[in-house]
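Number of protein chains: 2
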Amino acid sequence: MSDLVSETLKKLSISAKEVSHAAVSDAKSWSEALTGEGFVLTKTLILKPKTGKTAPVTPVVVIALESTETNATAIGKKLSLKDCRFANEELLASTFQATKDNVSPFSLSHVAQLDLVHVVLDADLPTDTLLAFHPNDAQKTVFVSLDQLKAYLASINKDFIELDFKALAAAKPTGEKKPAAKAPKAKKEAATTAAADDSNQMGLGCKKEEDFPKWYQQVLTKSDMLEYYDVSGCYILRPLAYNVWKEITNFFDGAITEMGVEDTYFPMFVSNKVLQREKDHIEGFAPEVAWVTKAGNSDLEEPIAIRPTSETVMYPYFSKWIRSHRDLPLRINQWCSVVRWEFKNPQPFLRTREFLWQEGHTAHLHLKDADTEVKQILDLYEKVYTDLLAVPVVKGVKSEKERFAGGYYTTTVEGFIPTTGRAIQGGTSHCLGQNFSKMFNITVEDPNAPANATEEAKKLHVWQNSWGLSTRTIGVMVMTHGDDKGLVMPPRVALIQTVIVPCGLTVKTTKEESDKIFDVCQDIALRLKKSGLKSKADLRENYTPGFKFNHWEVRGVPLRLELGPKDLAKNQVSCVRRDTGARFSCSLENLESEIKEALETIQNDMYKKACQKMDESIVRISEWDEFVPTLNQKKLLLVPWCDRVACEDDIKERSARSANDGEEEDEKAPSMGAKSLCNPFQQPTENPIVPGVTKCIACDHHAKHFMLFGRSY
Amino acid sequence: MSDLVSETLKKLSISAKEVSHAAVSDAKSWSEALTGEGFVLTKTLILKPKTGKTAPVTPVVVIALESTETNATAIGKKLSLKDCRFANEELLASTFQATKDNVSPFSLSHVAQLDLVHVVLDADLPTDTLLAFHPNDAQKTVFVSLDQLKAYLASINKDFIELDFKALAAAKPTGEKKPAAKAPKAKKEAATTAAADDSNQMGLGCKKEEDFPKWYQQVLTKSDMLEYYDVSGCYILRPLAYNVWKEITNFFDGAITEMGVEDTYFPMFVSNKVLQREKDHIEGFAPEVAWVTKAGNSDLEEPIAIRPTSETVMYPYFSKWIRSHRDLPLRINQWCSVVRWEFKNPQPFLRTREFLWQEGHTAHLHLKDADTEVKQILDLYEKVYTDLLAVPVVKGVKSEKERFAGGYYTTTVEGFIPTTGRAIQGGTSHCLGQNFSKMFNITVEDPNAPANATEEAKKLHVWQNSWGLSTRTIGVMVMTHGDDKGLVMPPRVALIQTVIVPCGLTVKTTKEESDKIFDVCQDIALRLKKSGLKSKADLRENYTPGFKFNHWEVRGVPLRLELGPKDLAKNQVSCVRRDTGARFSCSLENLESEIKEALETIQNDMYKKACQKMDESIVRISEWDEFVPTLNQKKLLLVPWCDRVACEDDIKERSARSANDGEEEDEKAPSMGAKSLCNPFQQPTENPIVPGVTKCIACDHHAKHFMLFGRSY
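Top to bottom, those sequences are chains A and B.
Numbers 295 to 1007, taken from our numbering, label the letters of the first sequence in order.
Numbers 295 to 1007, taken from our numbering, label the letters of the second sequence in order.
One chain only, chain A, in its complex shape (with noise of 0.2 Å):
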């Protein structure tokens, strides 16, 4: 039983009786682990009902009789709340700090924003037996009364309504809209609640194909690349996807290093004075600011930021440093984190409210200069996704509409999920013109002035730029290489690169040809790591090699090597490579050049699949009637377009609209509107635009070029 869950009732003295027993995940398994009477079974659901793109999560949960049936629609309907469906398991985890499995009332303790929450009490529940509840563990069970319960409530302050649910029920089909079409789907959910157990078997217990966003968090938890943290939206980063971000820092930091750019660190407060000193910027991030107003128990006298980027912290430093054109170019990068309190569902690596990154953050004397900076590194960017992630980009410049607040134009590599289709923006090079030098002042005297020009005239103010990459790039790499088995881990990245395995020893093998294939594992692990290779050897004891197989595999090790007497024998390794499967043999005496050779061969087959899958994914349309479909099978859009924010807007609705009946757009949902990605600097040079001929493929404006949509993260 969680630590908080036995203190909260001991607190209440509520002294509660608990006992013990095998995990259990239905009903039918519960009630035979529990002995005894005098206590009936009950069920927890959480519900989530739907509410705007920025407003917080309003979980609803359900304390039921476990032979209680409930209706997730009527409750919603009952409490005037839009759309309850069952919760994924990651609002589970993150507001309840549970799973389907062991969640019950009193996983309220763990909520943050309790005020959020509405709690429905089955009218069934007796009053005069003890209700059986699985507190935070579903190896426990604890029974306490009605009363107790309510108790429970009352302590953390916490009202609920009673809810007759036959009575619910009889009244349902009246009272629906569509109840064909939603009934099947709500059963079907519901059945995923009571699927068997997962969480603690070694493999996942889902299909990348089939449940992506499960699956997703499956391999990233148990790949023990991330943990779930109690605070919500912030997750851990654990060495092996720490190790990625190592790599990122080390190949990025080195070349812009090379570039003249210098590794800085600002402060990551900010006065609400500076945050406000650019008005369309901090319109773009205002919402999701941070706020520090305590220290220890004293009341700041002015609330103090925490950074969202670093705009507005840096360039009234810039100001002051840049004194002379000859004090230009300043580039300036940091390694920092950042704050985004975002109330959108967040996402591990995706959309979290803390995440790392880097900032570049130069001025140039010339726009020519600072466009030029603005390609290398977007190029810098590109060569983070394909050479280190194995990952293919489309390089571009994003429209007026999505364009970096208060900059002058933004560049992109845009990432694409097969699996659901969406594009997803991997990393920006801004230009910010001269509005940001302009609000904070930030001239030199302009070398090439004629002598009489009068101050003014000779004042000129910089050209800047900013460019940001952050851990996002993890999350586009396992969503793009992860299988069914878990991570698949490009070798350049990977934190092991290759596992030796021990393998067929058998019981008549003796002590002495155990010891040797061992010896000769450490061996061959020592030689690699000595050649510059991260590799381990599992010698684990009481563990097969099949368990290791998994285990390694689920953790997206490139390269398995097998040793076992027949191998030792032959001098060689059996190696398997976790991308395709595929099984071949090295010799002992070219250890080190082969293995380097077949990690290499799996970073580029691993980036060449997925540009294959990318390509095919692209695909040239022209006709509006083509456009929802085509985004429906999945895919990206490539469009003659006359770059106009109405029309983007028009896009972006129609394509909602009409892939969903006229019903409003859901950000989750398959139907969400397409938004530009970018305009790609590669156009088309087959049928090429034909200025004044071709037209936009949504309005009746003429195209301008070639624009990239889609649905997108």
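Hints are computed from structural coordinates only; laboratory data are not their basis.
Among these hints, one or two may not hold up.
Note: identical chains are not told apart, hence a pair may lie in one copy or across any two.
As the list claims (entries may be wrong) - Below, computed lysine-lysine pairings styled on DSSO-like, alpha-carbon distance capped at 27 Å:
#, residue 1, residue 2
1, LYS753, LYS824
2, LYS344, LYS588
3, LYS823, LYS677
4, LYS434, LYS753
5, LYS588, LYS567
6, LYS928, LYS502
7, LYS376, LYS907
8, LYS614, LYS540
9, LYS614, LYS516
10, LYS540, LYS823
11, LYS311, LYS752
12, LYS842, LYS614
13, LYS614, LYS830
14, LYS969, LYS502
15, LYS540, LYS677
16, LYS662, LYS830
17, LYS588, LYS638
18, LYS890, LYS828
19, LYS508, LYS824
20, LYS540, LYS824
21, LYS508, LYS614
22, LYS828, LYS540
23, LYS444, LYS567
Using the hints, position chain B against chain A.
Just chain B now, kept in the frame of chain A:
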């Protein structure tokens, strides 16, 4: 004029007349710089009353006629403020963003906590004449009327009191306790205030031995190592400083990776619940914790803390991850920033509200494994100081009083700043024992427990360590090596190790000769760079060699190469060491190897010099009578000690009091009490402690070992 000031005046519709002139730093030059009539000169003085150690500073802003004789002590008395003194530059910079030469009433617009500030107006300020002020810019003067000044104060909601200084002066003698002793002090400080402005000079405006705090501030800002920031206690680490941290990171991260420690990243946010889990521990940190209570416009349901350190952040997950003794040792580390909102005077690098550090957290099956690691890490910390920063340290164990909150024992590397005679804790490696593992329930089954033991008896709480090293290292390095010319960088952590300056070019030098010299300088820089040395040719035109020498000297570049026509003729380059000023020449043929060797020599000599200074400053004494006098000679004391908390408290009190004639302790004064620094691993072998015979230096108990005592940062 600062933007803020000009904006403020504009908002008030104060169309103040403003004139520009050369920077002025005293009344005489100011009055000479201004022409015309109809105005009077003013002065704005900032006083700092004495406040409790953890209480915020409450500055007094005195706005007076230049000709008025003000008296800090009398003002303090009038306002019932204790021990008013002139504020130092640090306070001016951090709170008012001003220097002594440009501070004005309008600097109040920069103050974050206006309610802490007292404003005093000279009753003699005329109503019918304009008042001249420097608007945060010593090169400008702005003229406003007294009414406009009062309107300004009203606009920022700031009350003021008027003081009649003449009346005060007349009343003085009766009110003062020790007029003779105090008056010279106030006068001396006033003189400092009026000292020549050096904020625009390249070199330092003070000597290390004469005004250490001012020297420290100047060496940091004039070397471009650090920039003051508008949130108090936060500073900008510029490339010169950040590079030191990068070198430390590279060295230390490489070493611990080799040991098997893995890098991770945990969120910066901690829920209150989790933070409170370990009571002793949180008691140590609670007064300094910064709290986020708002995001965008929404109040958070519960305040969320920013980590001051990560024990309680990480250990709930240790409990989850450690299931069996096979999961041990678990060893992780993270590079991050932490926040400790101290209310004491902040000091760059040494005491800052946000700082960068690494924190390692490990768990072991046996105490002896934990012990071994504690020492390994401490040895690495020692190496960071000795091998990278050329700074000696003393390794040892902290006393019970100085031990980490909630820990078992703390080891430390103690540094020493000879100029102030104060020690500084350089890095700590803690054994946490089983305290946290009991609190967070981190257990494994004892692999050696008898098979028939109960489950409870088999349970073994893991042994934990935590260890941290911060950017404080950089401050210690600067204080140790810097001199009256500025920074002196140890070659191994220098951003630029050698700078090449073309010299000896006169009006008679032909264009061809001069081009040749420049080319060879560039070539030398490239050759050195290729060989792995961080080199730069300073080919700026319009700057004299002398200017460039100063420029790089203040920035501490370890070795300057000069190349003139004579050097070129001899195929050599002249070299000047930054640490000693010694000059030698080096043949262009063996350039790379000779320069490398010279840098190694500089690194070693800097370390040797610092060691000698430290050795001289550690004095072994055994009689209490010598204790305070030796302390006052800026020494550290190695004394026989009984190792009792009560005795340590007593020593601190007696060493403070006796040095101060019974006055109260003041952290900044040389009279602050001595703290125990460490029980050095290396105990004297000559005349060692005789158990049961040797007495403690400070009490009647027997001495257990030699302890290092000293005043400390």
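Structure-based check of all given hints:
1. LYS753 - LYS824: Neither: 58 Å inside a chain and 39 Å across chains, both beyond 27 Å.
2. LYS344 - LYS588: between (33 Å within a copy, 24 Å between copies)
3. LYS823 - LYS677: The answer is both: 26 Å in one copy and 25 Å across copies each meet 27 Å.
4. LYS434 - LYS753: between (74 Å within a copy, 19 Å between copies)
5. LYS588 - LYS567: Both, since 18 Å and 17 Å are each at most 27 Å.
6. LYS928 - LYS502: Within one copy only: 15 Å inside a chain, 68 Å across chains, cut-off 27 Å.
7. LYS376 - LYS907: Intra 37 Å, inter 74 Å, cutoff 27 Å: neither.
8. LYS614 - LYS540: Classified as between; 25 Å across copies, 33 Å inside a copy.
9. LYS614 - LYS516: between (50 Å within a copy, 13 Å between copies)
10. LYS540 - LYS823: Intra 18 Å, inter 25 Å, cutoff 27 Å: intra and inter.
11. LYS311 - LYS752: For LYS311 and LYS752, the Cα distance is within 27 Å only across copies (24 Å; inside one copy 83 Å).
12. LYS842 - LYS614: between (59 Å within a copy, 21 Å between copies)
13. LYS614 - LYS830: between (52 Å within a copy, 24 Å between copies)
14. LYS969 - LYS502: within (25 Å within a copy, 61 Å between copies)
15. LYS540 - LYS677: both (15 Å within a copy, 24 Å between copies)
16. LYS662 - LYS830: Answer is between: at 26 Å across copies they meet the 27 Å cutoff, but 49 Å inside does not.
17. LYS588 - LYS638: Close inside one copy (26 Å) and across copies (16 Å); limit 27 Å.
18. LYS890 - LYS828: within (11 Å within a copy, 32 Å between copies)
19. LYS508 - LYS824: Neither. Shortest intra-copy (39 Å) and inter-copy (51 Å) distances fail the 27 Å Cα cut-off.
20. LYS540 - LYS824: This pair counts as both: shortest intra-copy Cα distance 20 Å, inter-copy 25 Å.
21. LYS508 - LYS614: Between copies only: 21 Å across, 50 Å inside.
22. LYS828 - LYS540: For LYS828 and LYS540, the Cα distance is within 27 Å both inside one copy (14 Å) and across copies (23 Å).
23. LYS444 - LYS567: between (48 Å within a copy, 23 Å between copies)
The earlier numbered hints that this structure contradicts are 1, 7 and 19.
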